[in-house]
Amino acid sequence: MALNIAYFAWVRERMGAAEEVVELPADVNDLTALLAWLAARDARGASAFAEPQRIRAAIDGVMMGPGAPLIGAREVALFPPVTGG
Amino acid sequence: MIRVAVQAAAIDVGAEFGRHDAGGHGASASFVGRVRGDGGLTELFLEHHPVMTEAGLSDLAHAAADRWQLAALTLIHRVGAMAPGDTIVLVLASSPHRSEALAACEFLIDRLKTDVMLWKRETFGDGRVAWVEARAGDAVRAERWG
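Protein chains in written order, with the working numbering: chain A, 2 to 86; chain B, 6 to 151.
If you are wondering where the hints come from, they were derived from the structure by calculation, not from laboratory data.
No residue lacks a Cβ here, since even glycine has one placed at the ideal position from N, Cα and C.
Hints are not guaranteed to be accurate.
[As the list claims (entries may be wrong)] Partial pick of chain B residues on the chain A-facing surface, computed with a CB cut under 10 Å:
#	residue
1	16
2	17
3	126
[Claimed, not checked] Residues of chain A placed beyond 12 Å of chain B at every Cβ, according to the derived structure:
#	residue
4	2
5	4
6	14
7	27
8	30
9	37
10	62
11	63
12	68
13	78
14	81
15	84
16	85
[Stated by the list, open to error] Pairwise CB distance ranges (calculated):
#	chain 1	residue 1	chain 2	residue 2	range
17	B	50	A	61	41 to 47 Å
18	A	72	B	129	27 to 33 Å
19	A	33	B	148	19 to 25 Å
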């Protein structure tokens, strides 16, 4: 399954890219599995996603919790807790 | 009338109030958030999402309008590089009644700190650069509103 991933703030800096397109293995089917897969893929992923509890996510523009399924998703945004205001 | 904006340009507080208050309202509450120069801060950078940041502000504005009797609402957040003293965020809420205007204004500033896709990065005079960490107290304040 091809998936667009967008990164923000220090997640973007650690990944060295604002976005990428990935081809996911079939067993990477929810957000928890996606973070684990990215963390295991390379050193950049390990530095960005070593502490998945610090990561927030949105699927196709909607904020989602860690167990959210990726079935049918086109874009996932991964980012730290927000700090606006 | 609801006005929501995410902009890189400076926020003109006087002009925004004039536009917001064009018809005159019984009660208007405002919140102006500015960049503090604490600890030798020289630049505050606000990163945002090209679509979701404005959508998040719009969702909050409509939630406030559903909850309180509001005559006008203005919610503007600046993004990009800012200097100490610059206005980061402006909230204007007007109603026939002061309690509704004040409550809506407080709700909006509390919830936009936890619900809207914005991230602050600080640069200091000695060269240090650091992303701001979310504060537990902000989540507690936001959750008061249910």
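Residue 14 of chain A and chain B, when compared Cβ to Cβ, separated by more than 12 Å = Residue 14 of chain A is in fact no farther than 12 Å from some Cβ atom of chain B, at 8 Å.
Are all beta-carbon distances from residue 4 of chain A to chain B longer than 12 Å?
-> Nearest chain B Cβ is 17 Å from residue 4 of chain A, so the label holds.
Please confirm whether residue 30 of chain A is truly not at the interface, meaning its C-beta sits more than 12 Å away from all C-beta atoms of chain B.
-> holds, 23 Å
Taking 12 Å as the cut and beta carbons as the points, is residue 81 of chain A off the interface with chain B?
-> Non-interface label fails for residue 81 of chain A: nearest chain B Cβ at 7 Å, not farther than 12 Å.
Report holds if the minimum CB distance from residue 85 of chain A to chain B is greater than 12 Å, and violated otherwise.
-> About 3 Å separates residue 85 of chain A from the closest Cβ of chain B, which leaves it inside 12 Å; violated.
Okay, residue 50 of chain B versus residue 61 of chain A on CB: inside 41 to 47 Å?
-> 27 Å Cβ-Cβ, so the 41 to 47 Å window is violated.
Beyond 12 Å from every chain B Cβ - status for residue 62 of chain A = The assertion about residue 62 of chain A is violated, with a minimum of 6 Å to chain B.
Given hint residue 126 of chain B near chain A, where the shortest CB pair must fall under 10 Å | Hint holds; residue 126 of chain B Cβ to chain A Cβ min 7 Å, cut 10 Å.
Note whether the CB distance of residue 72 of chain A and residue 129 of chain B lies within 27 to 33 Å or breaks it.
-> violated, 45 Å
Are all C-beta atoms of chain B more than 12 Å from that of residue 27 of chain A?
-> holds, 28 Å
Assessment of proposed distance window 19 to 25 Å (beta carbons of residue 33 of chain A, residue 148 of chain B) = holds, 24 Å
Hint check: is the beta carbon of residue 16 of chain B less than 10 Å from a beta carbon of chain A?
-> violated, 14 Å
Hint violations for this structure: numbers 1, 2, 6, 10, 11, 13, 14, 15, 16, 17, 18, all remaining hints satisfied.
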